[in-house]
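A.B. asks: Taken in sequence, the protein lines are chains W and Z. According to my numbering, the first sequence is numbered sequentially starting from 1. According to my numbering, the second sequence is numbered sequentially starting from 1.
If you are wondering where the hints come from, they were derived from the structure by calculation, not from laboratory data. Don't be surprised by glycine CBs; every beta carbon is placed ideally from N, CA and C. Heads up, a few of these hints could be off.
Claimed, not checked - Derived list of chain Z stretches under chain W, where covered just means 3 residues or more per stretch with a C-beta under 8 Å from a C-beta of chain W: (1) 83-95; (2) 98-109; (3) 117-128.
To be verified - Heads up, incomplete: computed chain W residues facing chain Z, CB under 7 Å, no partners named: (4) Glu116; (5) Gln117; (6) Asp119; (7) Ala120; (8) Ala123; (9) Ser124; (10) Ala125; (11) Val126; (12) Asn127.
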Amino acid sequence: MITDFFEWFGEIGIFSWRVLRAAVTPPFEFRELYRQLDEIGSKSLPLVALAGAAIGAVLAMESFESMTRFGARSLLPSALVYSVVHEIGPIITALVVSGRVGAGIGAELASMKVTEQIDAIEASAVNPYRLLAATRILACILMLPLLTLASDLCGLVMGWVALSMVEPLSFHQFYTSGFRGSDFNDLLPPTFKTAIFGLIIGTIACFQGMRTRGGAEGVGRAATSSVVLSSLFVILTDVVLVKLIIIFFP
Amino acid sequence: MAAMNYTASIPQTDDAISTQVVAVDNVFKSFGDQRVLNGVSLTVNRGETLAVLGRSGSGKSVLLRLIIGLQSPDSGAVRINGDGIAGLSLDQLGVYRKKMGFLFQHSALYDSLTLEQNVAFPLTHHNSGMPVAELSDRVRLLLSEVGMEGHLNKMPADISGGMQKRVGLARALALAPEILLLDEPTAGLDPISASEIDDLVLKLQAEHHMATIVVTHDLYSAKTIADRLILLDMGKVAVEGTFQELVESHDAFAREFLKHT
Ligand SMILES: Nc1ncnc2c1ncn2[C@@H]1O[C@H](COP(=O)(O)OP(=O)(O)OP(=O)(O)O)[C@@H](O)[C@H]1O
Ligand SMILES: [Mg+2]
Numbered sequence: 001m002i003t004d005f006f007e008w009f010g011e012i013g014i015f016s017w018r019v020l021r022a023a024v025t026p027p028f029e030f031r032e033l034y035r036q037l038d039e040i041g042s043k044s045l046p047l048v049a050l051a052g053a054a055i056g057a058v059l060a061m062e063s064f065e066s067m068t069r070f071g072a073r074s075l076l077p078s079a080l081v082y083s084v085v086h087e088i089g090p091i092i093t094a095l096v097v098s099g100r101v102g103a104g105i106g107a108e109l110a111s112m113k114v115t116e117q118i119d120a121i122e123a124s125a126v127n128p129y130r131l132l133a134a135t136r137i138l139a140c141i142l143m144l145p146l147l148t149l150a151s152d153l154c155g156l157v158m159g160w161v162a163l164s165m166v167e168p169l170s171f172h173q174f175y176t177s178g179f180r181g182s183d184f185n186d187l188l189p190p191t192f193k194t195a196i197f198g199l200i201i202g203t204i205a206c207f208q209g210m211r212t213r214g215g216a217e218g219v220g221r222a223a224t225s226s227v228v229l230s231s232l233f234v235i236l237t238d239v240v241l242v243k244l245i246i247i248f249f250p
Numbered sequence: 001m002a003a004m005n006y007t008a009s010i011p012q013t014d015d016a017i018s019t020q021v022v023a024v025d026n027v028f029k030s031f032g033d034q035r036v037l038n039g040v041s042l043t044v045n046r047g048e049t050l051a052v053l054g055r056s057g058s059g060k061s062v063l064l065r066l067i068i069g070l071q072s073p074d075s076g077a078v079r080i081n082g083d084g085i086a087g088l089s090l091d092q093l094g095v096y097r098k099k100m101g102f103l104f105q106h107s108a109l110y111d112s113l114t115l116e117q118n119v120a121f122p123l124t125h126h127n128s129g130m131p132v133a134e135l136s137d138r139v140r141l142l143l144s145e146v147g148m149e150g151h152l153n154k155m156p157a158d159i160s161g162g163m164q165k166r167v168g169l170a171r172a173l174a175l176a177p178e179i180l181l182l183d184e185p186t187a188g189l190d191p192i193s194a195s196e197i198d199d200l201v202l203k204l205q206a207e208h209h210m211a212t213i214v215v216t217h218d219l220y221s222a223k224t225i226a227d228r229l230i231l232l233d234m235g236k237v238a239v240e241g242t243f244q245e246l247v248e249s250h251d252a253f254a255r256e257f258l259k260h261t
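Produce the entire structure from the sequences given, and follow the hints as far as they go.
C.D. replies: Pasting the structure below:
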């Protein structure tokens, strides 16, 4: 059990090193990268937007009750903006992407592995770490901050809608009081930390997919373990990153 | 040169090195405690076709995978054009793999690509400068050589196993390889298609003088296309020679093997 754990870390370390080395040397697989950006970005957008919107609305309704009780209703917009932009948006996006993209990549690469398609790529003198893994991981890294912005935006808009249903509030009022005391720079660290989530999700999903063995059952296992492990590591990393952001961007 | 000590039958001259395209030298391979290859040696020269026979599970596919570097031997060496391929990185191996065409036993077509894109895959990755029209002509030609020109836009899942085999063969031929490795090219084909594949291999061999290794259970096909055969048993080469020599062999396993066909 313990040795399995260390073995896993060793193997994913070697895997990451191979991918990195392949990624920085030509030929660059731009076409596949473009395809993955579309696959991971555009196709996750509806789900991420929906999740962000739902959480924004729920958060607004819940905080409306509690903030009213403590007589801090005027702080509501900034509390909402703060929690959505700093934590809810990034983590919800990362978890939704872990689920959708993690399972997708894990299952896709696993089924290619067990049907020898990855061997066939190698036999054609193409480096599968470059063609399959590097492109997917890079696409995750690039797309997560963008998806997070979309999710933030939907969360805030739906939060405003939920608030304005209980008390009249123009979007302009909501916006100005929400972002009072915070500026654009506050937005950057929490949004860009999701690039690290993207790295984690992409790397784990590609690794779990490409090391798969044993038929259809192995494919199922790879998909499940990609989702479980990438969500787990996203949450653990978040704890560390939040602390670091507080230290370095006070 | 120590590298040359493994075949007494071939004269040890520079000429022999230059024609000896594939050399497998005393290779051992185990999976866990199952020993699959137990000291196998073989050579294939330019323009020559070697058939590999043996029972199911005797390690024929493993042998082909070792030659193209998809697996590495526990000991022993694989040499391509005289160069050992052990310990090379993926990109270094690529230099040799570009000269090889590999047909997988289960075809291993890319299931997210059409048949046309499958065959174009090696070309788009290695001849990226090739004009689109030329590329598509070449792909059509390859597919028509295997009798699959009418199915360009189908997906691999929508064609039969035998058709997948033929597309896999077209893909293996895409880069005009010097070395052709075929894992049961005629398995699952009807007798007519099988003999068409045999004819195709003979024709390609006459035109391009490749070094070809064919794994097969089809003795008739082996007899038709191979210059030489080896029969694997217990992880070793039990018999090596022409078809006639195999038939006349006194090796107990060879007699048993032939008795049932
Ligand atoms: N990756 C692997 N891991 C474990 N065992 C393997 C692996 N690859 C092959 N083997 C084992 O090696 C043996 C030889 O397999 P191989 O596929 O080479 O047989 P074969 O001669 O091609 O048989 P067939 O004619 O049925 O295709 C089999 O017993 C198989 O179980
Ligand atoms: Mg086999």
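A.B. asks: With reference to the structure, classify each hint as holding or not holding.
C.D. replies: Against the structure, the hints:
1. 83-95: With 5 residues closer than 8 Å to chain W, the region 83-95 of chain Z meets the three-residue bar; holds.
2. 98-109: holds (count 7)
3. 117-128: holds (count 5)
4. Glu116: holds, 4 Å
5. Gln117: holds, 5 Å
6. Asp119: holds, 5 Å
7. Ala120: For Ala120 (chain W), the interface hint holds, since the closest Cβ of chain Z sits about 4 Å away, which is under 7 Å.
8. Ala123: holds, 4 Å
9. Ser124: Because about 4 Å separates Ser124 (chain W) from the closest Cβ in chain Z, which is inside the 7 Å limit, the hint holds.
10. Ala125: Holds. Min distance 4 Å.
11. Val126: Holds: closest Cβ of chain Z sits about 5 Å from Val126 (chain W), inside 7 Å.
12. Asn127: Check passed: Cβ of Asn127 (chain W) comes within 5 Å of chain Z, closer than 7 Å.
Checked against the numbered hints above, the structure violates none of them.
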